[in-house]
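Model the placement of chain H on the given structure of chain G, informed by the hints.
Protein sequences, first through last, are from chains G and H. If you're matching positions, the first sequence starts at 27 in the numbering used here and goes up one per residue. If you're matching positions, the second sequence starts at 14 in the numbering used here and goes up one per residue.
Calculated from the structure, these hints are not laboratory results. Careful, some of the hints might be misleading.
What the hints assert, rightly or not - Below are the DSS-like pairs computed for lysine-lysine, each with C-alpha atoms no more than 30 Å apart in a straight line:
(1) H:Lys215 - G:Lys189
(2) G:Lys58 - H:Lys327
(3) G:Lys169 - H:Lys327
(4) H:Lys327 - G:Lys34
(5) H:Lys56 - G:Lys113
(6) G:Lys106 - H:Lys247
(7) H:Lys194 - H:Lys279
(8) G:Lys169 - H:Lys279
(9) G:Lys113 - H:Lys61
(10) G:Lys113 - H:Lys317
(11) H:Lys194 - G:Lys169
(12) H:Lys215 - G:Lys106
(13) H:Lys238 - G:Lys34
(14) H:Lys317 - G:Lys58
(15) H:Lys215 - G:Lys59
(16) G:Lys189 - H:Lys352
(17) H:Lys194 - G:Lys34
(18) G:Lys169 - H:Lys352
(19) G:Lys113 - H:Lys327
(20) G:Lys106 - H:Lys238
(21) H:Lys143 - H:Lys238
(22) H:Lys215 - G:Lys36
(23) G:Lys38 - H:Lys215
(24) H:Lys61 - G:Lys169
(25) H:Lys215 - G:Lys113
Since this is a predicted model, take the numbers as computed values, not measurements.
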Amino acid sequence: MDNLSLHKIKEKFADSILEIVEFRNELTCVVKKGDIPAICRFLRDDPELSFNFLSCITGVDLPERNPRFDVVYELYSISKNHRLRLKVKVNQEESVPSITSIWSTADWHEREVFDLFGINFEGHPDQRRILMPDDYEGHPLRKDFPLTREEVTFSHNLNRPPKIE
Amino acid sequence: MVLNMGPQHPSTHGVLRVILELDGETVVKAIPDIGYLHTGIEKTMESKTYAQVIPLTDRMDYVASLSNNLAYLLAVEKLLDIQAPPKAAYLRVILTELTRISSHLVWVGSHAHDIGAMTVLLYSFREREKLMDIFELCSGQRMMTSYFRIGGLAQDIPEGFETRIREVVDTFPDKINEYEKLLTKNRIWINRTKGVGVISAKDAIDWGVSGPILRATGVEWDIRKSNPYSGYDKFEFDIPTRTNGDVYDRYLVRMEEMRQSLRIVKQALDGIPQGDFVARIPGVVLPPKEQVVSNIESMIFHFKLVVEGFCPPKGEVYHSIESPKGEIGYYIVSDGTQKPYRVKVRPPCFVNLSALPKMIEGRLIADVVAVIGSIDIVLGEIDR
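This is chain H alone, in the form it adopts within the complex:
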């Protein structure tokens, strides 16, 4: 029997269609059909200047938008061969780790809700409100923040930033303990997730899977440790790994990642260096506002940068970072004009979803929802 788990489905986390061929209750074949949310972001990026592309990058993985911003900007900074100053690097780390926590909170809430534990959804979204308040304090927006710019941040951090984050860092570990109390030793949770959706390490690498799914199979690969960016090599944190590669292990890996992210935020917060929040490179970064309104040269620079943009050197770069879902990479080809010639996004969810058939073929139909949830897909990123 062929069953269509259609694009409109409460558990597919977006518009994902999975065509399931069943033999009784066993899944014989599972074919994901994507493209329902395709909006042509890569093509649109070719018609915008490098700075105008930043809001487009937010909208791909809309749950962890600051992470996408950082990935794009690090690629552009690599192309231009500039570096953000230390203060901007630390602040980027803090905000990206908070985004990681926020993404994992959405994941644990919706995944538990799919399996039936609905309370966790309400608890995790309550915690996420505090994080979104911090994002709103900095950038004015709760979700699609676009707070980073080429060379650093858009504006300096406001007052109250540090107190709010300290409050989160102090109260959060108890909340994670609350979720763990509800789920980790719960017999129903264990029955529904242990041994389900297993993928071996060799298959995972072959299928290009990265992020928490790969770490749950035992491969210790985290880009923050192997190719540190934005100052991650200054912080001490562990990479949680498990060995079984099933849905339960992915859950444990993500819960532990939240704790490690808090550890990084605390270390970064304790040591924010002094300095400017953006690298003041004249042809690329906007001059300070006070100078723009008083000085004619700064005003001319500002005007030209906003209206025309800057021209980076010709060439191509690929840079990838560790997003909450896996390896997100940006491949930018520049032809020396103000608009990028080609921007290719390597979306972690797209590649992780391609391994779905491997994970559920031969299993029961009731496990399909648990496995799709454990891959942590965001359709905006898959379809772009």
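With the rest of the complex left out, here is chain G:
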């Protein structure tokens, strides 16, 4: 089944595919970010592939690499029972086309990736923060954002405000 999806994508979008990785029986396709809406629409509508379920969209931050971010799309077909992972490499100032028009569930997932990584999605109907407060500054899941720790309050430091580092 993985070979079928790969075969069909290679057939139709041969120059969009940048890399193919197979690890632990899972197939990952790295594609050009401009082609994502077209590829996703094809994957959803093709009767033999019918990837009708978008499991999740997530981001990975690799600060030493250029482009810095990876946006990962996990696709699943309920009727054919096969999975596919699409990956897009994007830099800090660039934006990725939104696929909310293809799967409505992409709405909240893309908002979460925007909130936690700062990656913009073009064409998203309502791009605003979802987990952090609306006026928060910074994007927490980036590797240069520190993991903050608050000092534990004991009786000796009861009257002081806690140190946050």
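Chain H in isolation, oriented as in the chain G frame:
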């Protein structure tokens, strides 16, 4: 009129804020606002070794903690390409199914309570006490058990495990009948839940809804059947589905799922194989305690594993299981060091809640509570 169903509300099952735009009593727009319980679990996981992440996974869906443990561990085992031995697989199935029953009991109790049938809450929590006693017997903890480890369980099951579970399996079906007697044919229940919060199968798939909500719309998808894990393919059970996709159907699906879970527990209990409770893989799993205290090499292994952890191969995996709320998936990226580079949790409640506007726009404000209850949200998982 804009009404704020604020983060502090007895029926939102946690700190959920829903901004309702009303026209008289009809809901024109409903906007869920989440993030009040965000604790940065995914970021914290990047600073802990693979074994230290296990207690963090419990705290997300705090009602069904063993299910979260299993989802994470199966993803890590996939990354390492190891498998738990058959005895551990069976025990994992038993405990996960008991967790499913426990989660559905909390759901039916709190949902019925929101709608007004308060007795069911007391009955279901009484039953849940028996299940929590079993969890306490195994792991020492009632709720955040963290009983599973990479390759199997943390410790072997204690004496009395089998008798306690048999007692639950024998007495439980009567209790489910009791709840059904109180609710299923109740005229008030039917009036408040039938035809309310309807979502079609096509919309549900489009919005990424999974679990009992999807099965109530008619789509027969259960990951335990489609991609069996941990030995689920050895057990016989049915997947309950209904067709209408309203709150009443979701209730019926979950009640029937409890019965099917009992069926699985009974089959698993009758056939627990002999063997070890954890896969003894030297670089990954702790050696047996008797060897650690007597043998210096085992002590060194133990020390290194606890203090430093193991290094899995570089790569990424995504593994999902059927939690009581839907498809829970873990996407783990490993860079070859002892700490995971990125752990992403695909929370079922987060995605199910995003379909809330679709379910209640155009309906009356009195239905909002019933629909929010029927989605079975746990804010810990939504906000992480």
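Under the constraints set out in the numbered hints, which ones does this structure not fulfil? 1, 8, 10, 11, 14 and 17
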